Amino acid sequence: MNILYKIYNDLRLSIPNLIQIGALLTVTIIAVKISTALINKFFENKSRLKIIGEEKRLNTIKSIMVSIVKYTIYFIGLTPILGIFEINIGSLIAAAGVGGLAIGFGAQSLIKDIITGFFILLENQFQVGDHVVVDNLSGIVEEMTLRVTILRDFNGDMHIIPNGTINRLTNKCRGSMRAWIEVGVAYEENIDHVIDRLNHLFDTIENENIIGKAQTLGVTNFGSSEVTIGIIARCKPLNQWHVERFLRKEIKNMFDKEGIEIPYEKRVIIKEK
Amino acid sequence: MNILYKIYNDLRLSIPNLIQIGALLTVTIIAVKISTALINKFFENKSRLKIIGEEKRLNTIKSIMVSIVKYTIYFIGLTPILGIFEINIGSLIAAAGVGGLAIGFGAQSLIKDIITGFFILLENQFQVGDHVVVDNLSGIVEEMTLRVTILRDFNGDMHIIPNGTINRLTNKCRGSMRAWIEVGVAYEENIDHVIDRLNHLFDTIENENIIGKAQTLGVTNFGSSEVTIGIIARCKPLNQWHVERFLRKEIKNMFDKEGIEIPYEKRVIIKEK
Amino acid sequence: MNILYKIYNDLRLSIPNLIQIGALLTVTIIAVKISTALINKFFENKSRLKIIGEEKRLNTIKSIMVSIVKYTIYFIGLTPILGIFEINIGSLIAAAGVGGLAIGFGAQSLIKDIITGFFILLENQFQVGDHVVVDNLSGIVEEMTLRVTILRDFNGDMHIIPNGTINRLTNKCRGSMRAWIEVGVAYEENIDHVIDRLNHLFDTIENENIIGKAQTLGVTNFGSSEVTIGIIARCKPLNQWHVERFLRKEIKNMFDKEGIEIPYEKRVIIKEK
Amino acid sequence: MNILYKIYNDLRLSIPNLIQIGALLTVTIIAVKISTALINKFFENKSRLKIIGEEKRLNTIKSIMVSIVKYTIYFIGLTPILGIFEINIGSLIAAAGVGGLAIGFGAQSLIKDIITGFFILLENQFQVGDHVVVDNLSGIVEEMTLRVTILRDFNGDMHIIPNGTINRLTNKCRGSMRAWIEVGVAYEENIDHVIDRLNHLFDTIENENIIGKAQTLGVTNFGSSEVTIGIIARCKPLNQWHVERFLRKEIKNMFDKEGIEIPYEKRVIIKEK
Amino acid sequence: MNILYKIYNDLRLSIPNLIQIGALLTVTIIAVKISTALINKFFENKSRLKIIGEEKRLNTIKSIMVSIVKYTIYFIGLTPILGIFEINIGSLIAAAGVGGLAIGFGAQSLIKDIITGFFILLENQFQVGDHVVVDNLSGIVEEMTLRVTILRDFNGDMHIIPNGTINRLTNKCRGSMRAWIEVGVAYEENIDHVIDRLNHLFDTIENENIIGKAQTLGVTNFGSSEVTIGIIARCKPLNQWHVERFLRKEIKNMFDKEGIEIPYEKRVIIKEK
Amino acid sequence: MNILYKIYNDLRLSIPNLIQIGALLTVTIIAVKISTALINKFFENKSRLKIIGEEKRLNTIKSIMVSIVKYTIYFIGLTPILGIFEINIGSLIAAAGVGGLAIGFGAQSLIKDIITGFFILLENQFQVGDHVVVDNLSGIVEEMTLRVTILRDFNGDMHIIPNGTINRLTNKCRGSMRAWIEVGVAYEENIDHVIDRLNHLFDTIENENIIGKAQTLGVTNFGSSEVTIGIIARCKPLNQWHVERFLRKEIKNMFDKEGIEIPYEKRVIIKEK
Amino acid sequence: MNILYKIYNDLRLSIPNLIQIGALLTVTIIAVKISTALINKFFENKSRLKIIGEEKRLNTIKSIMVSIVKYTIYFIGLTPILGIFEINIGSLIAAAGVGGLAIGFGAQSLIKDIITGFFILLENQFQVGDHVVVDNLSGIVEEMTLRVTILRDFNGDMHIIPNGTINRLTNKCRGSMRAWIEVGVAYEENIDHVIDRLNHLFDTIENENIIGKAQTLGVTNFGSSEVTIGIIARCKPLNQWHVERFLRKEIKNMFDKEGIEIPYEKRVIIKEK
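Line order of the protein sequences matches chains A, B, C, D, E, F and G. What the first sequence shows, in my numbering, is residues 18 to 290, in sequence order. What the second sequence shows, in my numbering, is residues 18 to 290, in sequence order. What the third sequence shows, in my numbering, is residues 18 to 290, in sequence order. What the fourth sequence shows, in my numbering, is residues 18 to 290, in sequence order. What the fifth sequence shows, in my numbering, is residues 18 to 290, in sequence order. What the sixth sequence shows, in my numbering, is residues 18 to 290, in sequence order. What the seventh sequence shows, in my numbering, is residues 18 to 290, in sequence order.
These aren't lab readings, by the way, just hints derived from the structure by calculation. Be a bit skeptical, because a hint or two may be false.
When the alpha-carbon atoms are kept at most 20 Å apart in a straight line, the in silico DMTMM-like pairs for lysine to aspartate or glutamate are as follows [claimed, not checked]: (1) F:K269 with G:E199; (2) B:K288 with A:E225; (3) G:K283 with E:E225; (4) G:K283 with F:E205; (5) E:K266 with C:E205; (6) A:K266 with D:D209; (7) D:K288 with A:D213; (8) D:K266 with F:D170; (9) F:K269 with G:E267.
Computed Cβ-Cβ distance ranges for the label pairs, DEER-style [stated by the list, open to error]: (10) F:D213 with D:D209: 34 to 40 Å; (11) F:I228 with D:G146: 54 to 60 Å; (12) C:T162 with D:T182: 39 to 45 Å; (13) G:Y88 with B:S155: 54 to 60 Å.
Some residues of chain B that are not near chain A, with every Cβ distance over 12 Å (derived) [to be verified]: (14) S52; (15) E61; (16) K87; (17) I178; (18) E206; (19) V211; (20) T221; (21) K266; (22) I268.
Since we're looking at a predicted model, the values are computed, not measured. All C-beta atoms in this analysis are idealised placements derived from N, C-alpha and C, irrespective of residue type, glycine included.
If we strip away everything but chain A, and leave its shape as in the complex, we get (with noise of 0.2 Å):
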């Protein structure tokens, strides 16, 4: 058919068109603006009952999901006027067809983005300020978006990662940390009295990081020339290095005041004649 005439004709017709459209578009703004409306009530009970430090993430997910509602009623009000125009939506799609399909390939990754992001704030997996370890990536969170994570890793880096490519993530600001010392000791020594020590030792110093009191577990290694002592201690996140050296240094220092020797490599020297 001949599109120009068919303008014409629209034109010539379209006085109860334009009605159409006008009530369509009443119809579709009058929808938007109920459902808004309804999903703001919804967070703002919801939102008096939860902490505060939550609010940015509730406000988040309110926004992201009156985004949905509001397109989705746009697109399903709006998609008859088009109808009215008598413009074929399908064979645009068609004549778009393999382009398409590649597009959606390609766009499919950012698609995976969106889901992904919108799963990490729903189920509140990690918040800006944690400190979260993705596969061999680690750093604080310093920014959370839908299609990306921003991490800043303790030397400085700013990593940079859509959340599409987050399968396995390890949050390692939801609880006490621990810190973890191994300490070989002579096989000279007597570790009853090893163990005697560390523990008097660990009585006696006071940390503010450390929950409760750093614990020696016992002989962890038989090493080639030292018996491995583990020492644990529970404390606040980010603070395990900290507590670590810590107590690296104290137990150095009251070794050397016991004399209980570190070893260093020891070897059997057997002379052939």
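Starting from the known structure of chain A, arrange chains B, C, D, E, F and G on it as the hints suggest.
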């Protein structure tokens, strides 16, 4: 066709339609009620037969089944209503086209999470409190949902693992665990004597975490400076490391007493003229 | 069309329909009964010919076959009933569209589990109690279902392995296993003498787990400080480690008696003026 | 149908068609002009608010947007012209069939490059001159296009990286970097004294690249022959290696002056009788 | 339509249908017989020309071909029967829809196993009894079916390898194998003298598994304490390790006799004042 | 329909058809000629502006563009001829069905090779004679085609790399390269003195391949027996190894002259009583 | 429809059909003959211009082309015959449906093998007798077919490599190969003297496999106990290892004569009081 006119007509003709919708809704809701009641009844009988610890798991499976049946009935029952208003579902889906395909691919891992999560629950692969290993992550199961499993590692890390990425799973809390120690003795020692003293030690020591007695297996390796003796003990889950440390200390003390040498590395030195 | 009216009409006209449904149900159920009976008969004959240990495996295969035949007949027989009520299956599936595709992809690994599981059963790749290795996991098969295989590792771990992830499988309980020992002797020793003493030892020792006699293979390597002698013995499955430990102790004792040296690492030292 | 005859007829009938085409072209071109002008206006306002360094990035985004809008309008506006000549686009695409699918898959990575490139620009993940790491390649960003990013490695290599292969990106020029030094001191040294001397050194030295002062963290490891002391300093991006070398030299000189030993590897030798 | 009524009608009208079915069956069965006979004849002629060892392989290929031809003829011949009863195959498949797609993906690896297995047979890549390597698994081929290949490893393991996972295959039983020995002599030795003594040795020793004579290649490496001499010998498949052990013992004995030194690791020691 | 009859009819009716075909051919060929000429003209202008070394690259791009335009015109122009003979292209493709899909997947990597190859040319990623690295393969580019790139490794290997497998590419011939040397000096040396002597050396030596002067960076590591000094020099591509060897010899000679020690590994030996 | 009746009718009406079939067959066969002859003629001319060694390759390409053209003509020519018997190809394919898709995926790697194999032949990537490396497998090409390449490794292994798995290929028989030796001399030696003696040696020795002369590159590394000197020589393919062994022996002999030391590892020992 003119949609507004259609809506007008639909409204004019909708008195019988309203009855249809009402009837459809009524039938659907009744069907949901009945099937929910039937599922509840089925699980009531079944759960009487099970031990108490598994009640929570059964409740989860029950509520999942209720959800699936409920939404399937709603979907089958209410789709015809859309047909009454002559909304063409197919064309909406076709219009969503390319985007929909992309979402389909993106959401794929979500579906996989849920299916795998359902099987983990159904087959009771692990329970909250179990010590499990998933690839290179391990820890105590802290929470288990349909989408993710949350592990608490021994160093305090919280691992968040989507169920769909759990391919092979190792549960370290089903049955007794094995404590495994290898201790090297000098080539100069008499092996039979050493094994005899070890077995005598294991007969005398007592540890509530060891099931039965520890056992000396024999010579597991000819090392470069020592003969390696292997020792095992069955013990209660999560206590294997404790038992290993306990046995190492007891062996070290016994060796000291008996004069059995744990050798340092030995080198034979040949002086060239 | 007006669905309610249709339902009314269907009811009015359903007296012959009820007969149809009844007839369809009757025919279908009879077909199921007959085919179940035929499969049972087939396996009864067959199973008489098989050894008793495999009866459980045959029962599993039989019940799988009964299930497949039964549900196929039901599906073919009862689909026309939906047609009688003029429910358009196709359009429901089309409406499920995008979601269905996603589920299809998600459920894909479930189907793969079952197909692989069926072949493991049919080809009798392993039985409960066998020692098998799947990639880097090994253990005794504790349970085998269509979806997962459960291994009990020697250290007590329970590995839950979906059958679909079992690509290549190593069964270590089919036929005799090999115990393999390498023992180093000093370069100063006469190799022929050492081999002669070893063979003499193997002629005199007895161990119920060794099939035939252990054998000295010869010089398998020129090490940095020792000549390596290789020794093998065929033994019963799951006893190879026991035999290896037994042989090592016997060889050590014989070497002590014969004065054959297992050398420490040797270094030639050149003093620079 | 006879195409030549059709062409003849089209020509004969094309006088109104020519008008159609002209009208379509006119409308399309006007639409392009207007939308281009609107985008330009939008960015003019916005860019006034931004700092000067980002102007180039904004221009790139603007020109991408103009391109997308322009070609979309052309596509929608001019497709009907093909319809006027009764060329069946669909059948051409269908005929291209198999080949087209292959091209679609092949071009997929091209589309992915462009989508990822667009996000890198939009989110300002890095700028020309930044030091970035992509997997195992690193360098200074030399050029950034929609399809590839070109890095100049410190050894002169030019890395050409398609944007679609950039999954996770580390930007080492956002904020201060960390210089990290580990220095070993003999077990015989007094740790508190060493730390005190180091801190005194860091108070006195000056280096324009260090932000604040370098800090001694404490004992980071018990080595086989030395106690390891960790030292950090925040410094300006790209100067961390310079600062590390500067600090190492200062520490070496201070240790020489103070007589603090950086120990060689130590061995304890036991002579066997 | 009313299916029961149709069945009734079909039965009433089925007298000619029965003739149709009979005729179809007759024609199909005759076609199968003829084609089976033709394939058998083809292989009878061919197999006369082949050596006896390959008869089993030919029989396997023949029976596969008979199966393929037979089921293809049945499928083509009997599909029309379904058409006679007006069963709509297409709609059944459509109804199976989503599930069918999933099965298709799941069964994919089964098909791949069979296709690869067919090529292994056709190209005679290996025979039962050959020593083959597939990726990191090796062993003697114990059984070869269309779906899996079963290897018996030298330590007794039974590897079950689906053919579809065999990408690259190494057959170690086609032609002579190479025994490869590297022996280190002191830097102080005269290389030409050593090579001369080795070649003299190889001229005098005899071993039925060596094809021709062993050969001294020359200096393959300057080691830290020794000059490495490479020696090769061609030998019969599966005897390479035996030959290597035999040669090592002969070389050791010859070196002892000739006074050629296989050096221990040497260190030059510089005493610091 | 009866095809032979159709052919007869086509022949009878083909007098006007022949004219059609002739006209189509004529129009198509003219269109090809014109567009080829236009492309040639476009590149003639452009190439005048470019340096001579890139002429070959421009010719390649030109001939690719001519090919693409030519075959596209032929395809669009000649497809209607098939229509004239009423050959149904679609059904042929449909019949090719399954096989075609398989070919499509198989040819996919071919298409990817060509697309990537085109971008390598267009973006001038490397030229014949450049030293490039693709993953773990490196060498001088010897030939570059649309499908493969051929590298000549320094050891003479010819690497044949399909372009589609080139993901990330490193070009080592764009700009100056870095020679990098690390030399260890004894802890006893005065670092400032060593750096001073090195810088003095670099001021005096001359080498045409070094751009500017070599530079001493400072202390790059505290080694176990030596302090490591880092030295860099910018140099012409492909001469970096030459410059490194040259600098090492000069430094060794200078150190010999100045009496600066490159230390052997040092061990502190403690004799146990 | 009633197929038997149709067959009867077809037979009754098949007299003109037989003529059709005959005519189609005749035309098709003639077309095949002509095109085969044309291809043969084309290659006859071409092959006269090529060297003899490549004749076999050309024959392979020719016979592949003949096959492709022949089967394409048969397919196009004979498909209409099926149409004459009113067999609906499409429905057969549709019925094969799910299975066909699975086969398509399964056969995919077969197609990929053939396409890659064709390019290896066409681009003459290697010939029988060449030494090639494919990933981690290497050897002399023993046989090359469209589906697989068979390599004979130097240790006698026969590698069977499907062409589709050959991504990147290294041909080690195109042009001269490089022999590469690194020899360490004591830090006490004068480097210029050593290089001078080496170059003098290379001027005097003769070896038919060396192209030109071996060359001393200079100091390639500062080792822990020695200065490493690099030496290269260009040599004929497959002789590089021979040349390396030859040069090592000559250098060793020359060093012995000249008194240049190849040093053992050196340690500086510091005795602690």
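Here is what the structure says about each hint:
1. F:K269 with G:E199: This hinted pair holds, its Cα atoms lying about 18 Å apart.
2. B:K288 with A:E225: Violated: B:K288 and A:E225 sit about 58 Å apart, past 20 Å.
3. G:K283 with E:E225: 46 Å, violated
4. G:K283 with F:E205: 18 Å, holds
5. E:K266 with C:E205: 13 Å, holds
6. A:K266 with D:D209: 8 Å, holds
7. D:K288 with A:D213: Measuring from Cα to Cα gives roughly 32 Å; hence the hint is violated.
8. D:K266 with F:D170: Status violated; Cα separation ~41 Å.
9. F:K269 with G:E267: At roughly 26 Å apart (the allowed maximum being 20 Å), G:E267 and F:K269 break the hint.
10. F:D213 with D:D209: 34 to 40 Å: Holds: the Cβ-Cβ distance is about 35 Å, inside 34 to 40 Å.
11. F:I228 with D:G146: 54 to 60 Å: Given about 22 Å between the Cβ atoms, the range is violated.
12. C:T162 with D:T182: 39 to 45 Å: 41 Å, holds
13. G:Y88 with B:S155: 54 to 60 Å: Roughly 58 Å apart at Cβ, these two residues keep to the hinted range, so it holds.
14. S52: Non-interface label stands for B:S52: nearest chain A Cβ at 29 Å, farther than 12 Å.
15. E61: 32 Å, holds
16. K87: Holds, since 22 Å exceeds 12 Å.
17. I178: 5 Å, violated
18. E206: 14 Å, holds
19. V211: 14 Å, holds
20. T221: 17 Å, holds
21. K266: For B:K266, whose nearest Cβ neighbour in chain A is about 5 Å away, the distance does not exceed 12 Å, so it is violated.
22. I268: 9 Å, violated
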